[in-house]
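The residues making up each chain are set out below.
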Amino acid sequence: MTKKKTVKVALIGNPNSGKSSLFNHLTGLNQKVGNFPGVTVDKKTGSCKLNEETRGEIIDLPGTYSLYPRSIDEQVVLDVLLDKKSKDHPDVIVVIADASNLKRNLLLFTQVIDLGLPVILALNMLDVSINLGQKVKPLEIAKELNIPVVSVNARNGDGINLLKQAILEVETPRKEIIDVSEYAPEVLADIKFNFGIENNYEALLIAQQGRFSDFLNDSDKKKIVDINAKNKFNHELIQSKEILARYERIDKIVKHAVEFNVNHNRNLTHKIDKILTHKVFGYLIFLTILFLIFQSIFTWANYPMDLIDGAFASVSQWLKNVMPEGILVDMLTEGIIPGIGGIVIFIPQIALLFAFIAILEESGYMSRVVFLMDRIMRKFGLNGKSVVPLISGVACAIPAVMATRTISNWKERLITIFVTPFMSCSARLPVYTILIALVVPAKMIFGFLSMQAIALMALYLLGFVMAIVSAWILKLIIKTQEKSYFIMELPLYKFPRWKHVGLTIYEKSRTFVVEAGKIILAISIVLWVLASFPKQGIENAANTLSAQLTSQNYTEEEIQKKVDAVRLENSYAGMFGKTIEPAIKPLGYDWKIGIALITSFAAREVFVGTMATIYSIGADETEEQTIKSRMKAEINPETGGPRYTTAVAFSLMVFYAFAMQCMSTLAIVWRETKSWKYPLYQLLYMTGIAYVFSLLVYQILK
Amino acid sequence: MSKSVADLKPGEFGTITGFLDNIISLKLMEMGCLPGVKVRMNFSAPLGDPIAIDVAGYSLSLRTSEASNILIE
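Taken in sequence, the protein lines are chains H and A. Per this note's numbering, the very first residue in the first sequence carries number 1; after that it's consecutive. Per this note's numbering, the very first residue in the second sequence carries number 1; after that it's consecutive.
Quick caveat, the hints were computed from the structure, so don't treat them as lab data. Take these hints with a grain of salt, some might be off.
Here are some chain H residues the structure puts well away from chain A; computed CB gaps all over 10 angstroms [to be verified]:
no.: 1; residue: 273
no.: 2; residue: 529
no.: 3; residue: 563
no.: 4; residue: 581
Distance condition first, Cα-Cα at most 20 angstroms in a straight line; then the derived PhoX-like pairs of lysine-lysine [as the list claims (entries may be wrong)]:
no.: 5; chain 1: H; residue 1: 255; chain 2: H; residue 2: 143
no.: 6; chain 1: H; residue 1: 43; chain 2: H; residue 2: 8
no.: 7; chain 1: H; residue 1: 255; chain 2: A; residue 2: 38
no.: 8; chain 1: A; residue 1: 9; chain 2: H; residue 2: 103
Beta-carbon label-pair distances, calculated as ranges [claimed, not checked]:
no.: 9; chain 1: H; residue 1: 289; chain 2: A; residue 2: 65; range: 27 to 35 angstroms
no.: 10; chain 1: A; residue 1: 17; chain 2: H; residue 2: 29; range: 47 to 55 angstroms
no.: 11; chain 1: H; residue 1: 458; chain 2: A; residue 2: 17; range: 46 to 54 angstroms
no.: 12; chain 1: A; residue 1: 10; chain 2: H; residue 2: 495; range: 23 to 31 angstroms
By construction, the Cβ of each residue, glycine as well, lies at the ideal position given by its N, Cα and C atoms.
Construct the entire structure; sequences and hints are all you get.
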């Protein structure tokens, strides 16, 4: 087999320029999400066939407005371009630009050209710019800059083949767009000499920001600082000189390359904005959208979820019937299958949630929410941009914590990271779902508002309120001098691209199932072992009791039940649950729930799986039962009534709403804050709050 | 006291003449707010802050505290 050639291609562009859509068109489903070394910034890579002999390895870099980064996300773009030793350092760069916003998009493009790497301009949204009354001529831009320009339509994939062709043929730019050699000649000479650099602009960027770059070591950084100090390098003055020179050049290009017709304004977007950012309607619409999301998650997802629940119960039953009895079949039907079922069951809800979030972002509405909420969020020490992590937190705290990177102010970012896990993530959803279904009647109010949906929304609100209150407390504790910024583009409203939404759903659900699935599967097995061993002790206790009861006048069925209970009680899990029972009894929980609480500290979604495992061990084998019906049938031996009373169920819901029960979140917080301090505080604070409030709820409702 | 973008009412225009704060000016200039460029105040968020302005052919939102650093005539 002949070895194919590989070309590394980096996609760079402003936010909202259609970069991710272009990436999706180039790579389709051949993409994977990884991390850049040392930072948790998502690195989306994918491969595509450029021609018979050549494969393109495409890297989708985070959106940025310039090569002067203001956030960790943007820093990655600069680092990848400057660090020639990085395995992500591209052979070819494709800069994607929004033609309807040409001037601002060209700023980044001219910076990239001046770095002297082979570069292509992919001009997107030409149709949008025509609607806005501007006719952009790609050929003129190519002539002016001496760089290949390809017009593409990232929404439908037009021009992709031309772009691939251009990637294969592109050469190193011959001429710089602006000459920076006179800005600080001594500094540039020193940097070039010390770092073995030839390109002027590259040397300037190192002088300007090398001290923040992760790929340079401390002695290199010190060298840069010394060179700058020796020559009295004025960072701000030189940067503003550069920006002005670039825009001067861009103005000339635009004069040649763009025909302006009558001044069409951005009528449609302005009209929509009038309503969506209205004093009253703005907030009302936002709340309505949120409610619709919850309502649909609860009602639409119900049908597939019931199907999945039933299917897994049938599979277990079927296996029990066809396989010979033994430890293996027990482990499969009582540990692994209910465990996997517990995760598969909430794919429908996760998919729906991610779909809604993707649509909100795609359409441009999310920016308006940020705009609407900034003033309110600031009061609580947050930033309007904190809204995005908080809303994403409803899906999963892990991407949400990572989404805080767009907040450039450290204090606001830290507070956002700290409170985001209070937002009820999708892992809590199955816990809420099952408990609500147990104690809240499935009735409609006014014929269309489901009581269960309202209960669910109340739990989400509870998490949100706790997040906000905690943020406010933190605002008083953390002190900082750093200034807070907001400056943000309000993109035009766009119709969501369904293919893009679909890919997001697929990607997120898959990651979730695989990542969470691994933990859940492992815990299911461990749990099954803990609940089924020590065999000797369990059997002894069971035999003693059964002999004792047979001599008294009990029916066979009653004996079976009591013996099953004694079995679980004498297992390792039972002993463990019993040990912590005194601590959780005031919250209304017994040792069985205690087992679920403990295992949930690995990840909350384990709750349902644990319940499934605990209640299927020793369950009546001839009867096919779902987790819900098993929980409903569970009796509290002290009262003789059901185990899951309203008070217990709500106390549990509140506990799950507040407690920090997710190792992955703690790990991501550690990586994002680079300190063990914050995740530790978070664990103690959130779990403490959970305990206190569950106690209150149980004692009041009891 | 010279006029700034923060003083504009919805629908009013102004031409940028300079900036009060060095650091913030760099970010604003990157985003297309350059001396000589015309801006139009568009609307403000319900609580009066932040505001949305039209500049360089697109819509930019910023806080009034940031807008007050952009001097106009």
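Hints violated by the structure (listed by number, smallest first)
Numbers 1 and 8 - these are the hints that the structure violates, sorted from lowest upward.
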